[in-house]
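As given, the protein sequences belong to chains A, B, C and D, one line each in that order.
Heads up, the first sequence is in this note's numbering, so the first residue is 1 and it goes up one at a time.
Heads up, the second sequence is in this note's numbering, so the first residue is 1 and it goes up one at a time.
Heads up, the third sequence is in this note's numbering, so the first residue is 1 and it goes up one at a time.
Heads up, the fourth sequence is in this note's numbering, so the first residue is 1 and it goes up one at a time.
Keep in mind that the hints were calculated from the coordinates and are not lab data.
Because the structure is a prediction, the values reported are computed rather than measured.
Hints should not be assumed to be uniformly reliable.
Unchecked claim - Derived DEER-like restraints, expressed as beta-carbon distance ranges:
no. : chain 1 : residue 1 : chain 2 : residue 2 : range
1   : A       : Ala-183   : C       : Ala-180   : 53 to 59 Å
2   : B       : Tyr-256   : C       : Met-254   : 50 to 56 Å
3   : A       : Leu-179   : C       : Val-69    : 42 to 48 Å
4   : C       : Arg-323   : B       : Thr-336   : 41 to 47 Å
5   : D       : Glu-100   : C       : Arg-323   : 41 to 47 Å
6   : A       : Arg-270   : C       : Val-69    : 40 to 46 Å
7   : C       : Val-69    : A       : Gln-341   : 54 to 60 Å
8   : D       : Leu-147   : C       : Met-254   : 29 to 35 Å
9   : C       : Arg-323   : B       : Pro-295   : 24 to 30 Å
10  : B       : Asn-235   : A       : Ala-183   : 56 to 62 Å
11  : B       : Tyr-306   : D       : Val-32    : 52 to 58 Å
12  : A       : Gln-341   : C       : Val-51    : 40 to 46 Å
13  : C       : Trp-184   : A       : Phe-237   : 53 to 59 Å
Unchecked claim - Anything over 10 Å on all C-beta distances counts as not near chain C; from chain A, calculated:
no. : residue
14  : Ile-31
15  : Leu-48
16  : Thr-176
17  : Ala-183
18  : Leu-188
19  : Met-267
20  : Ile-301
21  : Thr-317
22  : Val-363
Note that the Cβ used here is the ideal one computed from N, Cα and C, for glycine as well.
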Amino acid sequence: MTEETITPVRAAVAAAEPTSDVGELSQWQLIWLRFRRNKLAMGGMVILAIMYLVVIFAGFLSPNAHDTQNLDYIYGPPDPITFVGPDGKLGLRPYTFATTTVLNQATFKWDFEIDRNTRIPIQFFVRGDTYKILWWQNDLHLMGIAPPDRLYVWGADSLGRDMFARTLVGGQVSMTVGLVGIALTIFLGSVLGTMSGFYGGAIDDAMQRVIEVIQSFPTIPLWAALAAALPNVSENFTMLHRYFLITVILSLVNWTGLARQLRAKVMSYRQADFTSAALVAGASNARIIFVHMLPNAASHIIVVAALAIPGMILGETSLSFLGLGIQPPMVSWGALLRDSQQVSTVVQHPWLILPGIGVVITVLGFSVLGDGLRDAVDPYSI
Amino acid sequence: MSPEQPQDGLLLEVADLKTHFPIRKGLFRKVVGHVRAVDGVSFTLRKGDTLGLVGESGCGKTTTGRTIVRLLDPTAGTMRFNDPTAGWVDLGSMTRKELAPIRQNIQMIFQDPFSSLNPRLTVKSIVAEPLIVNHVARGEELNDIVAGLLKVVGMRPEYMSRYPHAFSGGQRQRLGIARALALNPKLIICDEPVSALDVSIQAQVLNLLEDLQSDFDLTYLFIAHDLSVVEHITNRMAVMYVGKLVELAATEELYYSPLHPYTEALMAAVPIADPRIRERPIRLPGEVANPANPPSGCYFHPRCRYAKDVCAKEEPILRELAPGHWVSCHLAEQLTLRGVVSGSGQS
Amino acid sequence: MLNYIIRRAGYALVTLLFVAIVGFLIIELPPGSYLDFRLRELRTLGGDYSVDMIKALEQRYGVNDPVHVKFWKWFSNFVQGDFGWSFQYERDVGELLSARIGYTLMFTLTSLVVSWVISITVGVYSATHRYTLPDYAITLFQFIGLSVPGFLLALVLMIFAQRTLGMEVGGLFSSRFRDAAWSWAKFVDLLGHLWIPIIVIGASGTAWLSRVMRGNLLDVLNMQYVQTARSKGLPERKVIWKHAVRNALHPLVMVFGMSFPAIISGETVISIVLNLPTAGPLFINALLQQDMYLAVTFLMFLAVLLVVGNLVADIVLAWLDPRIQFE
Amino acid sequence: MVQQQPVHAAPTSEAELVLRIRDLHTYFYTVVGVAKALNGVNLDIPYGKVLGIVGESGCGKSVTALSAMRLVLPPGRIVKGEILLNRIRREGDTYTVLDEVNITDLDPRGHEIRSIRGREIAMIFQEPMTSLNPSYTVGNQIVEAILLHQDVSKEEARDRAINILRRVELPNAEAVVDRYPHELSGGMRQRAMIAMALSCTPSLLIADEPTTALDVTTEAEILDLMRELQAQMGMTIVFITHNLGVVAQMCDQVAVMYLGRVVESAPVDDIFYDPQHPYTQALLRSIPRIGSRTKKRLEPIRGVVPDPYADIRGCPFHDRCSACMPGICDVRVPAMSVLPGKVGHEVRCFLHSDAYEGDDGHVA
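Based on the sequences and whatever the hints tell you, model everything.
Here is the structure:
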């Protein structure tokens with residue numbers, strides 16, 4: 001800098017200006033720095049990342065295809081896994097035991113008995129049922145046992161289908177419903193909320209009444225009623241249609257929350273002096289909205305969105321559990337849990353609620369992630 | 001109805017300016033009344049002047065400033081501005097589009113150095129905004145202009161890529177000043193530019209404003225509540241009470257020989273930084289009048305210790321009692337009011 | 001104050017009118033409702049009898065009327081207490097629901113009270129013990145409470161009760177009391193069946209509410225007047241409960257309007273698992289069978305409850321917080 | 001534990017001080033680092049006088065007050081030092097010297113500090129808008145304080161509350177007692193706060209920027225009221241402010257603080273007519289003075305107040321000081337020393353004395 005053009009007073013101030021690099025960091029970088037300090041939220045993010053990888057590679061990771069029926073293994077229990085070899089020594093190679101079916105004389109039902117003496121080695125990278133990852137078809141599985149036996153790590157359902165495979169595949173639906181839904185929510189909520197807050201007046205009044213009416217219904221019953229109005233899966237109305245309409249229904253209620261919060265934000269930005277400064281500079285409405293308001297609201301939108309995803313996942317799960325959401329043959333965690341609606345069934349086959357683990361971990365992950373984001377975005381939180 | 005006739009050397013002529021805000025109530029948001037934030041303000045501003053606008057919170061001084069830059073729309077009155085290219089224009093009646101070229105000559109500095117800078121933008125984007133919006137410059141040229149502006153306000157151009165959070169209040173205020181200077185304006189509305197700053201930083205910014213005024217031939221409308229700051233930086237001053245101007249005069253005259261009882265009370269209230277001068281303040285009974293429901297006659301009469309019957313009945317008009325000294329009080333000729341006590345202090 | 005209440009009630013009525021329109025749309029939405037099904041069935045039957053029936057049905061529900069007339073028919077009947085006919089159960093909707101709505105209210109209100117009491121206590125505790133081990137533990141439970149769907153929690157608790165405790169759960173009474181006359185023993189049996197539903201229904205609400213309470217209280221604890229109270233020499237207990245909690249409750253009352261539907265939503269799903277004789281299972285079943293008059297009546301009932309709940313919350317808030325202007 | 005020692009003459013020199021603060025260090029242990037708010041504050045608060053504490057934001061003036069009340073909240077902590085309170089009770093012309101308590105030894109939530117708060121030391125805060133609880137009437141909040149420290153009935157307490165509200169010149173005290181804070185203007189609220197603080201006749205009143213948030217005419221009235229009450233009741237006031245005008249108008253003795261230390265302490269007249277510390281001098285030169293009639297260019301202090309996390313070697317003011325002596329000021333921290341030939345005028349500067357307290361800004 002050229003000292004001679006600056007009066008001593010002005011130069012003195014310049015000398016004391018901060019020299020650290022923190023000033024170069026944008027708000028996003030600062031948020032990320034704060035977020036990274038939050039171990040719980042970081043943990044949530046890592047777990048979610050793993051979960052998404054797992055469900056994407058569901059076909060490869062599970063020993064069987066999710067829709068392969070095995071009438072010999074109806075309600076079959078999870079196969080136990082041991083690392084103790086036939087020689088009685090602990091090794092690296094996992095084994096499972098052979099299962100035999102015995103007719104129970106009292107109940108006239110087939111009971112499964114584990115034959116602790118017959119060890120079956122678990123093999124890796126075996127060929128088995130064909131599956132698809134996106135458009136890529138394959139039959140290579142991470143693990144399995146030699147045919148005709150099949151490995152059921154999480155047991156089987158009423159048609160002898162592999163619960164583990166079904167849970168992973170079900171995750172593909174359950175874990176994306178929230179994301180697609182949230183994308184719609186962000187779109188609707190941002191556009192309507194910004195308009196409402198920026199223009200005020202009659203637009204705002206109308207929007208507020210609409211939101212009020214939507215919020216006057218309890219969510220799950222309203223979702224259920226709307227979902228009940230969807231036609232059943234047919235030739236003209238595929239599973240994919242249903243899936244997308246379910247996400248639309250979920251976001252139909254959810255956008256109201258985001259719109260309200262965004263409206264409040266935009267209204268406060270309207271009062272902020274940086275908006276006034278832009279107006280005085282002659283900036284257009286579009287510039288004020290897109291350069292000044294939305295970037296400031298963006299972090300807020302992300303937080304609201306992250307905190308709304310759990311609700312959507314739980315919503316889909318509940319709807320499908322009630323039979324109003326995702327319907328067979330498509331699987332989702334809620335649809336899988338529908339099999340355990342009869343308590344008497346679950347008490348006998350408790351592995352039927354294992355898909356619930358997926359729900360809990362995912363929702364927990366999004367909750368701590370959202371919470372951590374909120375703390376990171378709010379500069380006043382310590 | 002302007003106190004002075006338009007003449008050469010004038011930059012701004014505000015006449016009978018009113019800015020009212022509707023009060024809405026009920027299911028259908030019916031307008032049930034108005035907050036008369038600014039209720040008939042008239043003054044003129046000569047080129048190169050610094051006119052101070054003082055008064056207590058809620059008196060309408062900030063609203064006046066914001067109406068002049070058209071952040072708010074006036075309810076009535078005219079604001080004639082002598083634009084260097086367009087000539088005399090009425091700011092109040094222009095559309096946003098018409099206003100755009102005029103705006104470049106009227107800029108504003110804001111009170112809060114934190115909320116006036118968008119935290120998501122870099123220093124460069126903040127200072128460059130007026131240039132970008134008005135298509136003045138782009139690319140390398142824009143960079144050079146911003147660097148120059150930063151130097152002018154005593155900041156390093158290297159800080160262009162930094163974000164506002166890296167700067168202290170005083171430095172942020174310098175950035176705000178740089179932004180206001182970007183379009184080379186004629187008039188700057190300074191809305192309490194130093195009241196959020198620490199005492200030692202206040203002096204830096206005040207000196208900067210003074211330097212810039214002489215360097216760039218600026219005219220200031222300086223809105224503030226700190227009377228010692230205003231006395232220091234202005235050469236003319238206007239006192240507002242409940243949306244109206246009560247007195248307008250050269251700064252020194254207003255401080256030492258006020259003609260309005262409210263000005264007198266205001267001056268007597270300033271704590272003087274000299275322990276050897278301790279005076280008792282003039283007590284003002286009651287509270288400041290409600291601008292939605294002001295009293296009859298002179299708005300100040302319920303609190304005025306000199307009030308007579310006429311004050312409750314008739315609204316006084318702003319009149320020129322001595323050359324350049326305007327006052328709005330029925331009794332101005334009869335009263336002998338005390339001004340600020342002259343102190344010596346150290347130095 | 002009275003003026004304020006009247007105005008708020010006016011708002012609520014307007015909202016309810018719009019709610020009714022939404023309800024009507026939902027009835028009209030499904031392509032193959034029970035009414036259509038019934039009409040088709042009657043048509044194929046033919047004969048004078050069914051023609052009369054068709055006419056009667058068409059008359060009652062305004063099948064061939066323009067939409068607004070149809071709406072008005074439904075709405076005016078609804079307001080007069082005629083909620084329509086459940087084709088699935090061959091009974092009057094009002095009759096069907098009234099038998100069950102009492103239980104719904106009992107469960108939700110009890111859970112609401114329980115969850116509010118727990119939430120406030122827990123929220124105050126964790127806010128005043130921030131960054132201690134118990135606070136972390138509470139936070140963990142809150143997150144889990146928020147993450148487990150109610151029906152899953154119900155399933156797990158039932159498996160636990162049945163497998164480990166050997167209890168017979170589900171429903172309101174054990175089989176031996178189901179048809180018995182009221183007695184002390186039956187009442188005790190009822191209490192034994194109540195705890196699971198109440199825990200399950202209240203769980204997620206409690207987790208959420210106690211978190212809100214914690215946040216509110218932390219905000220209030222930063223306020224200057226809390227320091228003022230301490231500077232007077234008040235004991236910490238009184239500073240917290242008299243000065244801080246009282247002010248932290250205001251925003252909590254505002255979320256009352258949200259906690260109530262959350263609880264009812266949960267109850268609707270949970271009661272299916274727990275086999276409770278509430279309106280929830282009836283509602284879901286009606287939806288599955290597209291028995292729309294029954295379903296929408298219940299939905300409308302919930303909405304009315306909610307709007308009234310919000311109205312009550314507004315009034316309570318106005319009474320609690322002297323700053324709210326009655327204009 | 002209270003030793004009653006009736007003394008009929010004027011109190012001894014020790015007892016003339018209501019409060020003595022010795023080498024007080026208060027740190028804030030935040031996630032970002034340790035903010036050293038107070039780095040060895042020494043203050044003597046004489047009985048019946050108004051002591052002004054003046055300094056810019058972040059100098060530690062409010063933390064000093066909160067430390068004396070033991071109201072520093074986590075992550076803040078008093079790490080070192082003593083705050084000695086002389087419990088004096090005056091009835092008519094007789095002083096009763098009770099015991100001397102070291103406030104830093106007390107449990108911040110314990111019974112003993114609570115019997116000091118409100119009764120021995122009362123405090124008024126800056127924001128009249130938020131320092132009263134919005135949910136209770138003004139009367140309720142004053143009565144609460146009275147009932148806490150005085151053995152009177154509820155009716156009696158209410159009467160006393162109305163009386164004290166009258167004392168602070170609130171018009172229509174009988175009605176104001178049942179008003180909620182939001183129904184009062186800023187000035188009225190600050191009067192109510194003063195009433196609450198005075199309700200138990202404390203021996204020391206700490207006023208933390210009580211007029212900063214008020215308009216200038218209201219400020220003048222509140223200052224006038226406080227001066228009047230002080231004269232009538234012989235109260236001891238610690239008046240914290242950043243406004244030198246207010247200091248000149250209100251105080252008898254002034255302590256100037258900079259970055260967690262008192263740098264100059266003198267009678268008010270000396271501060272304005274004979275300031276000795278470069279910081280005090282610079283501060284006085286940097287403010288616009290009303291009534292000086294001659295317009296002079298202001299002389300700002302260069303640089304900015306360093307943030308409290310910064311570790312500064314030597315005198316905390318040296319990098320902004322025009323009289324800085326390299327090799328001395330940037331190495332050692334000067335000690336507080338009495339100016340020869342002056343009464344009660346102490347300065348912390350190497351221009352006046354070679355005495356120092358440590359090699360750098362750290363606690364020894």
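Hints, one by one, checked against the model:
| no. | hint | result |
| --- | --- | --- |
| 1 | A/Ala-183 <-> C/Ala-180: 53 to 59 Å | holds, 55 Å |
| 2 | B/Tyr-256 <-> C/Met-254: 50 to 56 Å | holds, 55 Å |
| 3 | A/Leu-179 <-> C/Val-69: 42 to 48 Å | holds, 43 Å |
| 4 | C/Arg-323 <-> B/Thr-336: 41 to 47 Å | holds, 45 Å |
| 5 | D/Glu-100 <-> C/Arg-323: 41 to 47 Å | holds, 44 Å |
| 6 | A/Arg-270 <-> C/Val-69: 40 to 46 Å | holds, 45 Å |
| 7 | C/Val-69 <-> A/Gln-341: 54 to 60 Å | violated, 41 Å |
| 8 | D/Leu-147 <-> C/Met-254: 29 to 35 Å | holds, 32 Å |
| 9 | C/Arg-323 <-> B/Pro-295: 24 to 30 Å | holds, 27 Å |
| 10 | B/Asn-235 <-> A/Ala-183: 56 to 62 Å | holds, 60 Å |
| 11 | B/Tyr-306 <-> D/Val-32: 52 to 58 Å | holds, 57 Å |
| 12 | A/Gln-341 <-> C/Val-51: 40 to 46 Å | holds, 42 Å |
| 13 | C/Trp-184 <-> A/Phe-237: 53 to 59 Å | holds, 56 Å |
| 14 | Ile-31 | holds, 19 Å |
| 15 | Leu-48 | holds, 12 Å |
| 16 | Thr-176 | holds, 18 Å |
| 17 | Ala-183 | holds, 22 Å |
| 18 | Leu-188 | holds, 17 Å |
| 19 | Met-267 | holds, 18 Å |
| 20 | Ile-301 | holds, 20 Å |
| 21 | Thr-317 | violated, 5 Å |
| 22 | Val-363 | violated, 4 Å |
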